[in-house]
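Going line by line, the protein sequences match chains A and B. According to the working numbering, the stretch in the first sequence is residues 107 to 464, in order. According to the working numbering, the stretch in the second sequence is residues 86 to 172, in order.
No lab work stands behind these hints, which were simulated from the structure alone. For clarity, every value in this text was computed on a predicted model and none was experimentally measured. By construction, the Cβ of each residue, glycine as well, lies at the ideal position given by its N, Cα and C atoms. Please note that a few of the clues may not be correct.
Restraint-style ranges between C-beta atoms, simulated for each label pair [to be verified]: (1) A/GLU176 / B/ASP147: 39 to 49 Å; (2) B/PRO134 / A/GLY250: 37 to 47 Å; (3) B/SER125 / A/ARG294: 43 to 53 Å; (4) A/ASP130 / B/GLU152: 46 to 56 Å; (5) A/GLU392 / B/HIS143: 22 to 32 Å; (6) B/PRO134 / A/LEU299: 29 to 39 Å; (7) A/HIS108 / B/ASP147: 16 to 26 Å; (8) A/GLU341 / B/ALA122: 26 to 36 Å; (9) B/GLU115 / A/ALA318: 51 to 61 Å.
Partial pick of chain B residues on the chain A-facing surface, computed with a CB cut under 10 Å [claimed, not checked]: (10) ARG130; (11) CYS132; (12) GLY135; (13) ILE142; (14) ALA161; (15) ASP164.
The following residues of chain B were derived to be distant from chain A, with all beta-carbon distances above 10 Å [claimed, not checked]: (16) MET86; (17) LEU102; (18) GLU115; (19) VAL146; (20) ALA150; (21) ASP159.
Listed below, chain by chain, are the residues.
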Amino acid sequence: MHVMLLVGTRKGLFVLDSDGDRRDWKIRGPLCESWPVFHAIADVEAGTIWAASASDWHGTVVWRSQDLGETWEQSGDGLTYGEDGPPLTKVSSLTAAGDRLFAGADYPGVFESRDGGASWQLFSLLDDQPAREKWLEPDASPPGRLGVIATMPHPEDPEHLYVNVQGFGLFHSTDGGSSWGPRNDGMRADWPLEDPTWGYCVHKVVFSPADADRMYTQTHVGVYRSRDAGAHWDEITDGLPSDFGFPAVAHPHDRDGFYVIPVDPGHGRTMHDGQLAVWRTRDAGESWEKLTNGLPGPNAHLGVLREGASTDGLDDPGIYFGTSTGQVFASIDGGDSWEQLAGYLPGITSVEAVVWPD
Amino acid sequence: MPVVHLPKTLLPLFAGLERECEAGGATVAEALADLDARHSGLLDRLCEPGPRLRRHIHVFVDQEAAELDTPTPDGARIDVITAISGG
Numbered sequence: 107m108h109v110m111l112l113v114g115t116r117k118g119l120f121v122l123d124s125d126g127d128r129r130d131w132k133i134r135g136p137l138c139e140s141w142p143v144f145h146a147i148a149d150v151e152a153g154t155i156w157a158a159s160a161s162d163w164h165g166t167v168v169w170r171s172q173d174l175g176e177t178w179e180q181s182g183d184g185l186t187y188g189e190d191g192p193p194l195t196k197v198s199s200l201t202a203a204g205d206r207l208f209a210g211a212d213y214p215g216v217f218e219s220r221d222g223g224a225s226w227q228l229f230s231l232l233d234d235q236p237a238r239e240k241w242l243e244p245d246a247s248p249p250g251r252l253g254v255i256a257t258m259p260h261p262e263d264p265e266h267l268y269v270n271v272q273g274f275g276l277f278h279s280t281d282g283g284s285s286w287g288p289r290n291d292g293m294r295a296d297w298p299l300e301d302p303t304w305g306y307c308v309h310k311v312v313f314s315p316a317d318a319d320r321m322y323t324q325t326h327v328g329v330y331r332s333r334d335a336g337a338h339w340d341e342i343t344d345g346l347p348s349d350f351g352f353p354a355v356a357h358p359h360d361r362d363g364f365y366v367i368p369v370d371p372g373h374g375r376t377m378h379d380g381q382l383a384v385w386r387t388r389d390a391g392e393s394w395e396k397l398t399n400g401l402p403g404p405n406a407h408l409g410v411l412r413e414g415a416s417t418d419g420l421d422d423p424g425i426y427f428g429t430s431t432g433q434v435f436a437s438i439d440g441g442d443s444w445e446q447l448a449g450y451l452p453g454i455t456s457v458e459a460v461v462w463p464d
Numbered sequence: 086m087p088v089v090h091l092p093k094t095l096l097p098l099f100a101g102l103e104r105e106c107e108a109g110g111a112t113v114a115e116a117l118a119d120l121d122a123r124h125s126g127l128l129d130r131l132c133e134p135g136p137r138l139r140r141h142i143h144v145f146v147d148q149e150a151a152e153l154d155t156p157t158p159d160g161a162r163i164d165v166i167t168a169i170s171g172g
């Protein structure tokens, strides 16, 4: 088996390769012509890697490779809101779902490709949502203008789609994307809400691979658990150093296992007390453990972004994350200890672990 | 026929694209469209919907700042420049 980390950075995509032991890693890159990469994913069945990228000079494309990252093509064909529409400044998120590929973009909108990323069509603007009027206001657009930061099919029913809109919250469709409704019940906001059903800043949402009804989320103000596929959220922040953070990783085999990396919620958005720490719960958020063995600090003033952590899903799962200062860390013992795999990459936006069979 | 000088950053995106190439057309837009016909998608890398030049792409015709509708006489030199930016 071949374990691969796709590491998106401000200066291109990097690939870290190892075997199933995950002890020795080789680094390749920068790939994708050093374009800034927001999110990179792979579909093992399709044998394809994709990287969502935006250049200040040349606009937005999705790169794709069908030879494990050796050679790349790019396409922005169809990634547009039309001649009279607003400019599409970036694709923030990618999702592979069978023979479909989704791209979440600013404005916000969701695009779909049925040909492996060679061309794209607008899939949804969520235009039945009252929140849409607000997110079309430029002044209401959150910093970074990420738009749709995730498009997530329910693991057991692809007609159930979840879309996470930066600064507005989670939305859900039961009819394959024809109609939508908010999915933020139980979340907090510490700002005024025009409507209590939307207006939440949901940084990262994950399904538990062990239980499709179990979801977790790290938001701007709190960490939450859902036992009913997002119909209701229970806050589980108590025990964490702050309610603010970006990434979230669900344990691949234990529905009660979940990891977050809280940061100072002020301007810095870096580690509390300069100590890089991953926080783990093994009881669905009833209690938390601070994991620092092998992680730097004090004086490690760095952050980890929303797509900056993932798991390889193996029987003895590896947990990986990349930092704003270009380090990649890995744990293959559930977080008890950590190794640094890379030290001097550009600022990291995304880390995705992929297991390729031999 | 005008001659277009392209930025280096475009070359890796399109197989066979050369830094300097002849392109038919009476305006900048037509010359770029001619290149796009040979290298599908090139126009989108230089223009936003509208169409208008991307914010950080500048075009000069015979060393004069130009827009998409600027005429390109036979033999004109069209320079497509990526703005000095980055870090």
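Hint-by-hint comparison with the structure:
1. A/GLU176 / B/ASP147: 39 to 49 Å: holds, 42 Å
2. B/PRO134 / A/GLY250: 37 to 47 Å: violated, 22 Å
3. B/SER125 / A/ARG294: 43 to 53 Å: Holds, since B/SER125 and A/ARG294 (Cβ atoms, about 48 Å apart) stay within the stated range.
4. A/ASP130 / B/GLU152: 46 to 56 Å: Between A/ASP130 and B/GLU152, where Cβ atoms are some 54 Å apart, the hint holds.
5. A/GLU392 / B/HIS143: 22 to 32 Å: Because 59 Å falls outside the window, the suggested range is violated.
6. B/PRO134 / A/LEU299: 29 to 39 Å: Holds, at about 33 Å.
7. A/HIS108 / B/ASP147: 16 to 26 Å: violated, 54 Å
8. A/GLU341 / B/ALA122: 26 to 36 Å: For B/ALA122 against A/GLU341, whose Cβ atoms are near 57 Å apart, the range 26 to 36 Å is violated.
9. B/GLU115 / A/ALA318: 51 to 61 Å: Given a distance of about 54 Å, which is inside 51 to 61 Å, the answer is holds.
10. ARG130: Check passed: Cβ of B/ARG130 comes within 4 Å of chain A, closer than 10 Å.
11. CYS132: B/CYS132 check passes; min Cβ-Cβ to chain A is 9 Å, inside 10 Å.
12. GLY135: holds, 6 Å
13. ILE142: holds, 6 Å
14. ALA161: violated, 23 Å
15. ASP164: This hint is violated: B/ASP164 lies away from chain A, its Cβ roughly 14 Å from the closest one there, beyond 10 Å.
16. MET86: Nearest chain A Cβ is 25 Å from B/MET86, so the label holds.
17. LEU102: Nearest chain A Cβ is 13 Å from B/LEU102, so the label holds.
18. GLU115: holds, 17 Å
19. VAL146: holds, 19 Å
20. ALA150: holds, 17 Å
21. ASP159: holds, 29 Å
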